[in-house]
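Engineer: The residues making up each chain are set out below.
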Amino acid sequence: MFVHLQGPWSPLFGRLTLDSIPYGNPIIQFAFAVTVLGGLAAVGPMLYYRKTGYIFREWLTTVDHKKIGVMYIIFGLVMMFRGFFDGFMIRTQQVMADGPNSPGILEAQHGYLPPSHFDQIYSSHGTLMILFAVTPILTGLGNIIVPLQIGARDMAFPTMNAISLYLTIVGGMLIMASLFIGDFSQAGWVGLIPLTELDFSPSAGVDYWMWAIQISSIGTTLNAINIITTIIGMRAPGMRWDRLPIFTWTTLSTSIIGLTAFPILGVALALLGADRYLGTHFYTAGLGGNLMLYTDLFWIWGHPEVYFLVLPAFGILSEVIPTFSEKPLFGYITMVAATFAIAGISWAVWLHHFFTMGAGPWVNSFFSVATMLVGIPTGVKVFNWILTMYRGRITYTTPMLWSVSALILLLVGGLTGVMLANPAINYTVHNSVFVVAHFHCMVLLIAFTIFAAIIYWFPKIFGFMLDEKSGLRFFQTFTIGTTLTFTAMFALGFMGETRRLDYLFNPQWQPLLIVEEIGIAFYCLSVFYFAKLFYMSIRDRALNKAGPDPWGTARTLEWLTHSPVPFYNFAVTPRVHQLDELAWRKSQGIDHEMPDHYEDIHMPRNTIVPLAIGVFAFAFGFGMVWRIWWMAGFGLLAIIATVIFRSFTPDHGYIITAEDIARMEGRPPSGIVNDTHAPLPAMEEKVTP
Amino acid sequence: MSSQQIDPLQHPEVQQASLRGYISGYGVTLAGLGVCLLITNAHFLSPIALLSTISALALILLIAQAFLFFGLDFSQHNIWKTFSVILTVPLFVLSIGLTVWMFHELNGLTMLPEMPGMPMQPTLLQ
Amino acid sequence: MDAHAASPPDNAPDLWHYGHDGNDPMAMKTLGFWLYMISDALIFGGIFAAYGVLDQPMGFYTGPTAAQIVHPGAAFLQTITILSSVLAYSLATVAMKTGNKNGVMLGIAASILLALMFLGLELNDFATLFAQHATPQTSGFLSVFFLLIATHGLHMIFGVLWMLVMLIQVPRFGLNTDVVTRLLNLRLFWQFQASVWVCVYIFVYLRGAS
Numbered sequence: 000m001f002v003h004l005q006g007p008w009s010p011l012f013g014r015l016t017l018d019s020i021p022y023g024n025p026i027i028q029f030a031f032a033v034t035v036l037g038g039l040a041a042v043g044p045m046l047y048y049r050k051t052g053y054i055f056r057e058w059l060t061t062v063d064h065k066k067i068g069v070m071y072i073i074f075g076l077v078m079m080f081r082g083f084f085d086g087f088m089i090r091t092q093q094v095m096a097d098g099p100n101s102p103g104i105l106e107a108q109h110g111y112l113p114p115s116h117f118d119q120i121y122s123s124h125g126t127l128m129i130l131f132a133v134t135p136i137l138t139g140l141g142n143i144i145v146p147l148q149i150g151a152r153d154m155a156f157p158t159m160n161a162i163s164l165y166l167t168i169v170g171g172m173l174i175m176a177s178l179f180i181g182d183f184s185q186a187g188w189v190g191l192i193p194l195t196e197l198d199f200s201p202s203a204g205v206d207y208w209m210w211a212i213q214i215s216s217i218g219t220t221l222n223a224i225n226i227i228t229t230i231i232g233m234r235a236p237g238m239r240w241d242r243l244p245i246f247t248w249t250t251l252s253t254s255i256i257g258l259t260a261f262p263i264l265g266v267a268l269a270l271l272g273a274d275r276y277l278g279t280h281f282y283t284a285g286l287g288g289n290l291m292l293y294t295d296l297f298w299i300w301g302h303p304e305v306y307f308l309v310l311p312a313f314g315i316l317s318e319v320i321p322t323f324s325e326k327p328l329f330g331y332i333t334m335v336a337a338t339f340a341i342a343g344i345s346w347a348v349w350l351h352h353f354f355t356m357g358a359g360p361w362v363n364s365f366f367s368v369a370t371m372l373v374g375i376p377t378g379v380k381v382f383n384w385i386l387t388m389y390r391g392r393i394t395y396t397t398p399m400l401w402s403v404s405a406l407i408l409l410l411v412g413g414l415t416g417v418m419l420a421n422p423a424i425n426y427t428v429h430n431s432v433f434v435v436a437h438f439h440c441m442v443l444l445i446a447f448t449i450f451a452a453i454i455y456w457f458p459k460i461f462g463f464m465l466d467e468k469s470g471l472r473f474f475q476t477f478t479i480g481t482t483l484t485f486t487a488m489f490a491l492g493f494m495g496e497t498r499r500l501d502y503l504f505n506p507q508w509q510p511l512l513i514v515e516e517i518g519i520a521f522y523c524l525s526v527f528y529f530a531k532l533f534y535m536s537i538r539d540r541a542l543n544k545a546g547p548d549p550w551g552t553a554r555t556l557e558w559l560t561h562s563p564v565p566f567y568n569f570a571v572t573p574r575v576h577q578l579d580e581l582a583w584r585k586s587q588g589i590d591h592e593m594p595d596h597y598e599d600i601h602m603p604r605n606t607i608v609p610l611a612i613g614v615f616a617f618a619f620g621f622g623m624v625w626r627i628w629w630m631a632g633f634g635l636l637a638i639i640a641t642v643i644f645r646s647f648t649p650d651h652g653y654i655i656t657a658e659d660i661a662r663m664e665g666r667p668p669s670g671i672v673n674d675t676h677a678p679l680p681a682m683e684e685k686v687t688p
Numbered sequence: 000m001s002s003q004q005i006d007p008l009q010h011p012e013v014q015q016a017s018l019r020g021y022i023s024g025y026g027v028t029l030a031g032l033g034v035c036l037l038i039t040n041a042h043f044l045s046p047i048a049l050l051s052t053i054s055a056l057a058l059i060l061l062i063a064q065a066f067l068f069f070g071l072d073f074s075q076h077n078i079w080k081t082f083s084v085i086l087t088v089p090l091f092v093l094s095i096g097l098t099v100w101m102f103h104e105l106n107g108l109t110m111l112p113e114m115p116g117m118p119m120q121p122t123l124l125q
Numbered sequence: 000m001d002a003h004a005a006s007p008p009d010n011a012p013d014l015w016h017y018g019h020d021g022n023d024p025m026a027m028k029t030l031g032f033w034l035y036m037i038s039d040a041l042i043f044g045g046i047f048a049a050y051g052v053l054d055q056p057m058g059f060y061t062g063p064t065a066a067q068i069v070h071p072g073a074a075f076l077q078t079i080t081i082l083s084s085v086l087a088y089s090l091a092t093v094a095m096k097t098g099n100k101n102g103v104m105l106g107i108a109a110s111i112l113l114a115l116m117f118l119g120l121e122l123n124d125f126a127t128l129f130a131q132h133a134t135p136q137t138s139g140f141l142s143v144f145f146l147l148i149a150t151h152g153l154h155m156i157f158g159v160l161w162m163l164v165m166l167i168q169v170p171r172f173g174l175n176t177d178v179v180t181r182l183l184n185l186r187l188f189w190q191f192q193a194s195v196w197v198c199v200y201i202f203v204y205l206r207g208a209s
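Protein sequences appear in the order of chains G, A and R.
Just so you know, we're using numbering that gives the first Met the number 0 here: the first sequence kicks off at 0 and counts up by one.
Just so you know, we're using numbering that gives the first Met the number 0 here: the second sequence kicks off at 0 and counts up by one.
Just so you know, we're using numbering that gives the first Met the number 0 here: the third sequence kicks off at 0 and counts up by one.
By construction, these hints were calculated from the structure, which means they are not laboratory data.
Beta carbons are placed, not taken as given, at the ideal position from N, Cα and C, and that holds for glycine.
The reader is advised that the hints may include incorrect statements.
As the list claims (entries may be wrong) - Computed beta-carbon distance windows for the label pairs:
| hint | chain 1 | residue 1 | chain 2 | residue 2 | range |
| --- | --- | --- | --- | --- | --- |
| 1 | R | L166 | A | Q9 | 20 to 26 Å |
| 2 | R | M104 | G | R540 | 34 to 40 Å |
| 3 | G | Y48 | R | L166 | 49 to 55 Å |
Starting from the given sequences, assemble the full structure and let the hints guide the process.
Structural biologist: See the structure below:
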């Protein structure tokens, strides 16, 4: 209508035709096989053990923040695996396609991936890893831990919490769909303009990328609203601002970034969408458009986004390091101040992502100085962690190993970041793999803290410890892989290798590329150990049961609950007296005190609305991608109708009586499911729904 | 959580609705925008002075609305709303201000200067 | 974990909290909605940044300049209608203080009518521009001009829809907690539209005319 679409369009199927499905591509066939097997492995046991009702009742319709958090993390880990596989394919292509005499197989002249396919792979690698792996896992961790750390029963808006989860999953599903129906964006995770305009990317790929990000961003913004309101309004009595655990403080500042920065991304992509769907001229190379406008708007979001990712990682470090140093965190006030300083300054540095694009020396200098300023609060944090460890009694459990290694990665990544903040250096290494190695150090430190957090808090949520030996092997292989791959990459960056290349012209890079490939081999080994870790731990779970404080030296409020945490969190809301409340109670010898009586608890009820909104959102996204207007319109109207309909049938939850709580508290905890639904093995009393 | 029914109409946010506040907000905004319109149409200020004046008036009107319409103050009840707005204002200043400055510099460095004979002026709308 | 701990000594600190836990669900819901409005404000901020970039000669291309398409005098009529709509709704919430359901309904109905008048004037403005071949596809400047006004208009349309739903819910459920919370949130939403209009009027219509 307003735009010139290449290819056919029909009212019923939009741009979708049978040709959109890449039947003949052997790599896609392989991906399809892996996906089908993975799906069967997940769904098969559920059907075999007839657990579909249980899964629907307890997980798919849940509003419990812990289960939602677990689903976020599982989703994020699956996407991280796919993102890792993309990374593996990139590395293998580059080591094979080095030099004019390098061989080519399948459809490629060099290596095994033709350029268009390679471009889609690095675009999906970036998009998946940043937005669909790390973000959901960190969001999930915040979801689980923050209400427990502040002594609340759930988040402020439980249903909206589930809606955020499903919107994120829908974004990931769109990217998975792009594997098998159509193609994905070839313009990088950033969306290089004007490559993303319809004239230069006529296929559905960029539309997949755009809608996946837009839909999941709405989920992220809603989650930010939820967390901020929860932290402000639902703290337990006595949980003053100066007693808040640092992980909660960092989650608060992260959510403030999520609330304020993501709308700008929405605008940047909406303007691109207007260009692609309505033929406007926001970013076109002619008719009054401005290419730099996209770059500007994208990075106004893009820089706070990376702090959105790293601040929860800093919060995790601030929880794990004191626990395994058996010392309180050094410098509480400066930690909090540094967190907010980082969040605030991060809004004034975005141009350092495009120093080379002609803004001139005054502008570059301003942003350069601002970028270097961010290093100061970060340095404060690093010194605080080191001083926490100093003269502490350090135990090198796997979470502590991950955390200390993360500190080393932070040092390397941070220092190379300060180098990049200098425009003179930046001009020589912009768009080289030096930059790639820098930011991989940063996101890998986030990954390290994620693994630390998962192992650290797993016993609290599931009630049994993870196997330390497999965990150690996982850590070792992952760390060796990281060191090999990215040390070589820094060197290659200085030697002039630019990024996003499917073919490398200089055979002298071959030795270092081989080193990187060996690094990837270690990563592959680490995936095996990761799977082994969970397999063995789940297999041996009866032998490794965890009590409320399985590590022995925990300090914060979430370790006061049972392990696994009952669905109502605390039987009676605790009263908080000090920072590190549990450590204080231990010092007074009262950490094992239980309430002597119970009261009725009001809990929110499970609902199908979030799942329904997720399904409709997928219909909207898929319809918009393929320009199937009836599907997109139906999806959008169905979401609006669901929201309105739900407002007419409010559900105020249900009451658990004090007797039920006493009964559930009196026997060993059986899991994070709602115990009032499950029939009790040895008791025949009536349960109150 | 208590299941007692508290009368929602007694909640401070309901009770803070003020007839005087709303009518004043209405009047102040309308008057302020009217003044801006008159100044613009009178054409007695230079472009820079005009832009500064109406920008300042915009800021004053927004603050007036914050107070008269939204009821923002530093009372314990409204403190979070006020605080969140105050913290968000710098974000607007940074993102819009630095963008405009950056593009001003960029245009000066990269765009062709207008020369006689080059069709840079837009055609008049008929 | 020992479930039958001995009772704590007499001078032990209070470890557990009984009774009402001090949460104010209504205040939390309005705070949550306020936070959403902040993110909405930043959407407009982003669009204004785009406007600042495209509102200059290269952005006009061969299409009209801002001065040629904005009519601040006529737009003042839009200003009056939107502010009156906001006032009408605000007066509805004043009526809500005393539980005056009829006052609430009257205020909402008046607000809807005035909002529809505002939208009608705006659509008329658009139609005139389209007839003069000034469409969003003509130039970068026109793209952002139409987008900014249309985004504000879209918010108004959603607000009207919300008001229509409330016109059904107030008589049906009365002024219970849920309905009152929604009316408070709608007030925040609606007053915000007036604030955005102040910025649009000054930075698009008045600045464009000068």
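Engineer: Would you mind marking each hint as holding or not holding in the structure?
Structural biologist: Cross-check of the supplied hints:
no. : hint                        : verdict
1   : L166/R x Q9/A: 20 to 26 Å   : holds, 24 Å
2   : M104/R x R540/G: 34 to 40 Å : violated, 60 Å
3   : Y48/G x L166/R: 49 to 55 Å  : holds, 50 Å
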